[in-house]
Amino acid sequence: GESVGLHLPTLSVQEGDNSIINCAYSNSASDYFIWYKQESGKGPQFIIDIRSNMDKRQGQRVTVLLNKTVKHLSLQIAATQPGDSAVYFCAEGRSGGGADGLTFGKGTHLIIQP
Amino acid sequence: DAGVIQSPRHEVTEMGQEVTLRCKPISGHNSLFWYRQTMMRGLELLIYFNNNVPIDDSGMPEDRFSAKMPNASFSTLKIQPSEPRDSAVYFCASSTGTTLAGGAGELFFGEGSRLTVL
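Residue numbers (this note's numbering), protein chains in the order written: chain A, 235 to 348; chain B, 403 to 520.
By construction, these hints were calculated from the structure, which means they are not laboratory data.
Virtual Cβ for every residue (Gly too), placed ideally from N, Cα, C.
Be aware that a few hints might be false.
The calculated DSSO-like cross-link candidates involving lysine-lysine, where the alpha carbons are at most 27 Å apart (straight line), are [stated by the list, open to error]:
1) B:K480 / B:K426
2) A:K305 / A:K290
3) A:K340 / B:K480
4) A:K340 / A:K290
5) A:K340 / A:K302
6) A:K276 / B:K470
7) A:K305 / A:K340
8) A:K340 / A:K276
9) B:K480 / A:K276
10) A:K276 / B:K426
11) A:K340 / B:K426
12) A:K290 / A:K302
Listed next, the stretches of chain A that the computed footprint assigns to chain B, with coverage defined by at least 3 CB atoms under 8 Å from CB atoms of chain B [stated by the list, open to error]:
13) 271–283
14) 339–347
Next comes chain B alone, as it looks inside the complex (with noise of 0.2 Å):
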């Protein structure tokens, strides 16, 4: 298996302008998570879905950030408008599920995508 593939590896951008990450699953995987890591802050999970659907997303920091799940091998997380404050990598992560029976806590991490907001 790829693993969870992640696109773009490095964005550069200009403050105010609309980013798009993309992100495809490990195949049969029915749990997708955002995360994004920054030095002061860490790893900070923003969305997750199951099953294509959203179900918290109380970490995602403002109306500027969306994602979305539209099938169960691609997702996207969208910042508009960009802000430097933005900038960090952004990971995507699958797992088989959202319960702890068997390994189902283990995350699986794409490469992440370094985003530059100038």
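Chain A on its own, in the form it takes in the complex (with noise of 0.2 Å):
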């Protein structure tokens, strides 16, 4: 089975409103989390990352949160711009496996309505 999981497949929302897109993980001995976002006919770019030695990270206009406890990642995209309709990808990975030990999921379309 796929190690991580995204709830919902499309996610839509109006312009202005928060967003908020789940990730589930199962490899407990995962210790790194990474979002991306992915336009249409471009590839993956990196948004923000969190490790697992901490349960809230905040970027610009963005927040990830980790739930250890059930294995559950999410993003929050506050006021939401048509910029952000993309897919955005979960992926996780473990110390010292680096970039290699990235495993993504399968993403969740953003649609921001006007």
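Combine the two chains into a complex, taking the hints into account.
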């Protein structure tokens, strides 16, 4: 089975609203998590990462929350804009494994409605 | 920096033909990754190199796939012979290393090469 998965394949939100994209992981050994954004016709782009010794990390308009108890990861985007429309991937990895140890989920398509 | 550069962006070929995809990583990055993306399977790691040396090719689907990195600024992914099920977007990515120290886990992806095998 897949070790990283997403609860919702498509998420539609109104422009200006906050959005939450969820991700479940199954590998208890994973201690590094990354969110990527992929716009149509482009490669994935790094958004934010978090290590397992943290449960929250904030960036510009984005917040990642990690719940190790239930192996759940979420990406919150505040005040969504049309440019936020994309597919969002979570990825998990292990210390020492580096980027080579990353396993990607299948992605959630975020649609921003005007 | 121009980022990771891949070519061609699009390729349409017939079954049985050889396909060669090319990648130029970001200068100074010593790790290079080839991924394949399909709707069904998402992003799959095919192979990665560290300092031009292949480290793990367990993701390469079959012997029809091969990858080389003759120097720090160039890599190729070759499929011979190609089959319709190889149709996908192939991404090359690079990073500063294979440890999780600092931001070394961040992969910088190219724009991808969309392959269609008829």
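Of the numbered hints stated earlier in the document, which are not met by this structure? none
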